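Number of protein chains: 2
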Amino acid sequence: MTTFLQNLPGDLTDLDSQLDDQLDLSPQAQDLLFRRARTANTFTDEPVSDEKVRAIYVLAKWGPTSMNNQPLRIVLVRSPAARNRLVRTLSEGNKAKTAAAPLVAILAVDHAFHEKLPKTFPHFTAARDMFAANDALREQSANLNGALQVAYFLLAVRAAGLAAGPMTGYDADALNASFFADSQHKVLAVVNIGKPGPGAYRERAPRLDFDEVVTTA
Amino acid sequence: MTTFLQNLPGDLTDLDSQLDDQLDLSPQAQDLLFRRARTANTFTDEPVSDEKVRAIYVLAKWGPTSMNNQPLRIVLVRSPAARNRLVRTLSEGNKAKTAAAPLVAILAVDHAFHEKLPKTFPHFTAARDMFAANDALREQSANLNGALQVAYFLLAVRAAGLAAGPMTGYDADALNASFFADSQHKVLAVVNIGKPGPGAYRERAPRLDFDEVVTTA
Chain G
383 MTTFLQNLPG DLTDLDSQLD DQLDLSPQAQ DLLFRRARTA NTFTDEPVSD
433 EKVRAIYVLA KWGPTSMNNQ PLRIVLVRSP AARNRLVRTL SEGNKAKTAA
483 APLVAILAVD HAFHEKLPKT FPHFTAARDM FAANDALREQ SANLNGALQV
533 AYFLLAVRAA GLAAGPMTGY DADALNASFF ADSQHKVLAV VNIGKPGPGA
583 YRERAPRLDF DEVVTTA
Chain Z
383 MTTFLQNLPG DLTDLDSQLD DQLDLSPQAQ DLLFRRARTA NTFTDEPVSD
433 EKVRAIYVLA KWGPTSMNNQ PLRIVLVRSP AARNRLVRTL SEGNKAKTAA
483 APLVAILAVD HAFHEKLPKT FPHFTAARDM FAANDALREQ SANLNGALQV
533 AYFLLAVRAA GLAAGPMTGY DADALNASFF ADSQHKVLAV VNIGKPGPGA
583 YRERAPRLDF DEVVTTA
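As you go down the protein sequences, you meet chains G and Z in turn.
Residue numbers are given in my numbering: position 86 of the first sequence equals residue 468, and the series is strictly consecutive.
Residue numbers are given in my numbering: position 203 of the second sequence equals residue 585, and the series is strictly consecutive.
Check the hints yourself; a few may be wrong.
Put simply, identical chains are the same to the list, so a pair is met inside one copy or across any two.
[What the hints assert, rightly or not] In silico EDC-like pairs for lysine to aspartate or glutamate, Cα to Cα no more than 16 Å straight-line:
#	residue 1	residue 2
1	Lys501	Asp591
2	Lys501	Asp511
3	Lys577	Asp593
4	Lys434	Asp564
5	Lys434	Asp593
Calculated directly from the structure, the hints in this document are not laboratory data.
The model shown is predicted, which means the values in this text are computed figures rather than measured ones.
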């Protein structure tokens, strides 16, 4: 962890470390996942192995979802042909960095997630039929829980000592037609993954203050 | 961290620990946030202080969002009157545990998040007007990024050595009318927070296998 952290921008003492004693998670882990972790825009050439991706998934899968529905599906875009097809659907500003990243993953949500509920939520046998009968409920639950799992995946990439570059700038209809024409999968995000390269990080944008976000009733 | 982990169910050696050498995050932190952390259904009486909530937010706020838009808003339901109003909107199965939890938070998304973009995304001054002019884009971005931030918040609760009990079983229209009649906030989840109590954990439900979720193109 040390080497990766040493290469991240930011000074620990500036980053709310006065609240450290309120948390059980170590300051190093807080930095790796949240405080000093950053969205990367360039990457080195170092490949990302399938074994690494497996470890990332095997960590991220434990994050909670409603009724354990786990709608996230992941496409690793490994072949040059698939990479080209993907890049064509991206916004201009995302094309070059995605063409060059060591690994690109499409994070999608399966709107037919309910077909797996007999496995994932076995103690409530009516769950599958409840979602099958209500398209609006199924879509809402898919999008909420798919996004939760996108977040777990991004943090698990960081847990693996890698940087993530999540993007939502693409033509979603074109991307879905190119990759998911035969399924009910819909893209939620595209993520570049690898070791951060030169100039990977933009200046950090400000976060909202506690009092702008949290109120008491 | 040790005491909290000791009280969580699960045997480390069963939990994919053969992949530990692929990750930089320590096994203890993996357990605290993902592997042995569990959704809790009962809690002790121990209060959750405002200082603890501040530390949770100050960690969670660093998680990435599209264009740094940070649409999550959090209501700490502290007063008995507000707790009663909230409980009335919940599904039957969620009422008793929410009435008894030491802290309950409503996690909502602000559909007027774009009003804060001049602060949070200052280098792209057209961002605010772009979202103001496109309700569909604004709603989609709010829901996706609000859900990402729900996930960051849940993991930050765990980072604080507390258990979270997220719920989506409620009458959303009634909840929004009761708490957000004067704003563009919409509930995404309700979360009970505290130290896990007796019988807090149900049997762990299965996760999807790697090969059910990840494909290569």
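Quick rundown of the hints versus the structure:
When the C-alpha separation of Lys501 and Asp591 is checked against a cutoff of 16 Å, the pair qualifies only between copies, where the shortest distance is 11 Å, while the shortest distance within a copy is 42 Å. For a Cα distance limit of 16 Å, the shortest separation of Lys501 from Asp511 inside one copy, 14 Å, qualifies, whereas the shortest one across copies, 45 Å, does not. In the homo-oligomer, the alpha carbons of Lys577 and Asp593 never lie at most 16 Å apart, since the shortest distance is 35 Å inside one protomer and 25 Å across protomers. In the homo-oligomer, the alpha carbons of Lys434 and Asp564 never lie at most 16 Å apart, since the shortest distance is 28 Å inside one protomer and 47 Å across protomers.
Proximity of Lys434 and Asp593 under a CA criterion of 16 Å is satisfied inter-copy only: 14 Å between copies versus 39 Å inside one chain copy.
The earlier numbered hints that this structure contradicts are 3, 4.
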